[in-house]
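Spelled out from the first residue to the last, the chains are:
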Amino acid sequence: MRALGRPAGDDDRPLIERVRKGDQDAARTLYERYFDRIYNYVYARLGRAEDAEDLAIDTMTRSLTRLDQFQDQGVAFSSWVYKIAHNATIDHYRRHGKVTLVSLEQATLPQSADPSELAVEQLSNEDLRIALRALTDEQQQVLILRFFQDLTAAQVAGIMGKSVGAVQALQHRALGSLERALQGRAVN
Amino acid sequence: MTSEGLRLERLAERLRAVDPVAPSPGAKIRGWNLVLAAVEQSSRVRSREHPIRRLMVAAVAAAVLLVAGAMAASADSLPDSALYPLKGVIESVRGALAFTPSDQLTHHLDLARTRLTEAEAMFAGHRIDLADRALRAMDDQLNDAAVLIQTEKRTDPSVGAAMENRLIQAIATHDNQLAGLQGQVSNPTAVSAITAARNRAAQALKLAARPAPSNGNDNPTASPSGSGKGQGNGTSASPHPTSKR
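Top line first, the protein sequences correspond to chains A and B. Each residue of the first sequence is one higher than the one before, starting from 401 at the first, in our numbering. Each residue of the second sequence is one higher than the one before, starting from 92 at the first, in our numbering.
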């Protein structure tokens, strides 16, 4: 079940112009378009529904009330919203510290016939989310945006302020780190 | 693809298959209410800023129009008008922009003609005092023109002579007008004021014809209201609106 709505990066400019003129229907459309995606992004980072709700609301409020600051210079509105969400997440970490709700050591991971090989198909969604949160900030960001949010490498590059090549390299390293984290737990 | 590549690709596929976590309906509604309130407040702030900006633009435009209108109206104002002081300011600015002796002479002669016109209007309105002031101001301008010519004759005699001719013609014209005016008025004070004005104009003419003194700063015949520096650009004590440069 993948139902995050229409992909980010579509042309939001007509709606943005209407919101700037005070059109609440346009604001509602943008809210509906992005709220679930931002909630998912933040939830994947934090792992707490309450915090994810608060940060998603805060992100949408900032996005739709600071449109005058949004300079449409080739940067998609979606990229701008994700950047705000990312900054909100970093602020949250600063204020509350990085909390791991369930440690990877406590998680029960499935093993394949070959103990060194990870049975990825049998991993639960929650196991993957937990393991993901053990990665570095950038590694988490790239994997969540690429695979949970279905964004292209180019879109992720725009959000993270990196080149497409750098994003692809980071993605490769992040997957390797995730695999090692999961394997290490499974072997133990 | 290497075995590592295949493993990572499988892991990536598994990540793609992770179902998104949906926010609770309550959270979404609460979120929209908060966002809507913030958007409305933001719109109100923007709409408050716009009238203030429009008001400021309108105020500036009104001020510009007012000043421009007052300046235009003051150009034809008479000594008994509230706008008359503004006319002096404009004349001073014009005078400051006259750089060559020829331009300065033109400026003095223009002002002398203007003062004469004002004097005629004041006589017609039985404002003898104001008419007398205007005539004195006219003669101040003629006197300053004469000092200017005197100085120029020393610098460039041919140019000075041409300027002197212009002064002679201007004074002759003024004298004709004053003679006509003298015939029209019956008030002895008015007649006396006109006579005095004609005499002062004749003295200015004589001054222009005289060779310039060797010391340019001690000309005893510069207008009493002038600076006495030979250029007629000092601050005037006369009541006419233009303070001479």
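The hints are simulated quantities; they were obtained by calculation from the structure and are not laboratory data. Idealized CB from N, CA, C, for every residue including glycine. Any given hint could be a false lead.
Unchecked claim - Distance condition first, Cα-Cα at most 20 Å in a straight line; then the derived EDC-like pairs of lysine to aspartate or glutamate: (1) A:Lys421 x B:Asp247; (2) B:Lys297 x A:Glu450; (3) B:Lys119 x A:Asp537; (4) A:Lys483 x A:Asp425; (5) A:Lys562 x A:Glu538; (6) B:Lys119 x A:Glu538; (7) B:Lys119 x A:Asp451; (8) A:Lys562 x A:Glu521; (9) B:Lys297 x B:Asp247; (10) B:Lys119 x A:Asp436; (11) B:Lys119 x A:Asp425; (12) A:Lys483 x A:Asp454.
Said to hold, decoys possible - Just so you have them, the derived chain A footprint on chain B, three or more residues with Cβ under 8 Å: (13) 94-102; (14) 115-124; (15) 128-138.
Right, here's what the structure says about each hint:
1. A:Lys421 x B:Asp247: This hinted pair is violated, its Cα atoms lying about 71 Å apart.
2. B:Lys297 x A:Glu450: violated (102 Å)
3. B:Lys119 x A:Asp537: Between Lys119 of chain B and Asp537 of chain A the Cα gap is close to 27 Å, so the pair fails against 20 Å, i.e. violated.
4. A:Lys483 x A:Asp425: Roughly 24 Å separates the two Cα atoms, so the pair is violated.
5. A:Lys562 x A:Glu538: holds (11 Å)
6. B:Lys119 x A:Glu538: At roughly 28 Å apart (the allowed maximum being 20 Å), Glu538 of chain A and Lys119 of chain B break the hint.
7. B:Lys119 x A:Asp451: Roughly 13 Å between the alpha carbons, so the hint for Lys119 of chain B and Asp451 of chain A holds.
8. A:Lys562 x A:Glu521: violated (31 Å)
9. B:Lys297 x B:Asp247: holds (19 Å)
10. B:Lys119 x A:Asp436: holds (8 Å)
11. B:Lys119 x A:Asp425: holds (16 Å)
12. A:Lys483 x A:Asp454: holds (16 Å)
13. 94-102: Since 5 is at least three, the answer is holds.
14. 115-124: holds (count 6)
15. 128-138: holds (count 8)
Violation of the numbered hints given earlier is confined to hints 1, 2, 3, 4, 6, 8; the remaining hints are satisfied by the structure.
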